[in-house]
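**Q** The residues making up each chain are set out below.
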Amino acid sequence: MSGLGNPGRTLGRVAASGSLAAVALVVTITIGLVGVPPDAAQGDVQRIMYVHVPSAWLAYLAFFVTLVGGVRYLWRRNLAWDRVAAASAEIGLVFTGVAILSGAIWGKATWGKWWDWDPRLTTTAILFLIYAGYLLLRASIVDRHRRARLSAVLGVVGFVNVPIVHFSVLWWRGLHQAPTVIRPGDPTIDHLLLAVLMANVASFTLLYAWLLRRRIELETLRDRTEITLEPSP
Amino acid sequence: MTDPGFILAAYTVVLGGLGGYVVTLDRRGRAARRLLEAVARQQATEPGDERPNAPASDVDPNTGASDAEGRGPGR
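Chains as they are written, first to last, in the numbering used here: chain A, 1 to 233; chain B, 234 to 308.
Hints are computed from structural coordinates only; laboratory data are not their basis.
Hints may be right or wrong, so weigh each one.
[Stated by the list, open to error] Computed list of lysine to aspartate or glutamate pairs in EDC-like fashion (alpha-carbon distance at most 20 Å, straight line):
hint, chain 1, residue 1, chain 2, residue 2
1, A, Lys108, A, Asp118
2, A, Lys113, B, Asp236
3, A, Lys108, B, Asp236
4, A, Lys108, A, Asp44
5, A, Lys108, A, Asp39
6, A, Lys113, A, Asp44
[To be verified] Covered, in the sense of this in silico footprint (three residues per stretch, anywhere, with C-beta under 8 Å from a C-beta of chain B), are these stretches of chain A:
hint, segment
7, 104-110
8, 209-217
In this text, all values refer to a predicted model and were calculated from it rather than measured experimentally.
Built from N, CA and C at the ideal position, the CB exists for glycine as well.
The whole structure should be built from the sequences, with the hints applied where relevant.
**A** See the structure below:
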């Protein structure tokens with residue numbers, strides 16, 4: 001789980017998976033920008049969807065991994081799972097941030113304003129604050145097991161907001177459009193556009209996997225430093 | 234702003250944000266590795282470092298006095 005067994009081989013694998021993610025991103029983003037026709041209703045500005053939606057979904061995935069890492073830590077008391085949870089929470093926060101900002105730009109183009117206290121936007125902002133709080137909590141506790149325990153609890157409780165974010169567009173009325181892919185019944189999006197969107201989701205997922213690996217390595221290095229600095233009994 | 238302007242802005246935010254995070258992560262990784270190595274080196278040299286006999290690097294080359302002997306401020 002540490003991922004630091006053989007530094008040379010590990011670096012090679014990490015570089016290879018990073019290159020794969022980079023190539024996949026270039027290909028799928030290019031297709032989204034110039035390879036598919038514009039949306040019938042929104043025109044070219046709908047192309048923002050190909051980066052906005054994957055960012056939002058990857059945020060969901062990242063926070064789900066934080067949930068799993070937290071639960072596994074609480075169950076097994078193995079700090080390796082805490083490192084996974086912490087790493088994924090930070091990456092999820094980055095994806096949430098870019099989803100909010102790209103959504104604001106898309107909102108300005110289609111609704112005429114950067115921000116609205118719409119249910120989807122508001123619950124997403126709350127999601128951002130929850131996981132920013134998660135990272136602040138971690139930064140404020142020195143004892144590793146206490147930090148892991150408390151942040152695992154916050155990671156589990158915080159995840160409750162993820163389905164609220166997703167279904168907010170069905171539960172309350174607002175400006176944000178209803179789900180077009182993950183919804184009861186068939187997706188309402190054109191099949192070609194859906195295929196390109198899924199390709200972008202796949203390449204963003206590769207990027208997430210690579211980032212997660214790098215971030216876990218960083219957390220492992222920090223843990224090792226803390227262990228080295230701990231006074232001998 | 235026109236459609237291409239909005240698209241450019243959104244893609245810049247997403248790719249710039251993720252790219253910036255990758256660069257930051259790389260720098261933090263290097264810094265953490267350097268810190269761990271420095272701490273490990275320090276721990277490895279500590280057994281011979283028994284105060285008040287300070288390591289050679291702490292000895293003033295001009296006077297031969299060490300921190301442990303209370304040279305005081307102003308070095």
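**Q** Work down the list of hints and note, for each, if the structure agrees.
**A** Going down the list of hints, with the structure as the test:
no. : hint                : result
1   : A:Lys108 - A:Asp118 : 14 Å, holds
2   : A:Lys113 - B:Asp236 : 15 Å, holds
3   : A:Lys108 - B:Asp236 : 11 Å, holds
4   : A:Lys108 - A:Asp44  : 14 Å, holds
5   : A:Lys108 - A:Asp39  : 17 Å, holds
6   : A:Lys113 - A:Asp44  : 18 Å, holds
7   : 104-110             : holds (count 4)
8   : 209-217             : holds (count 4)
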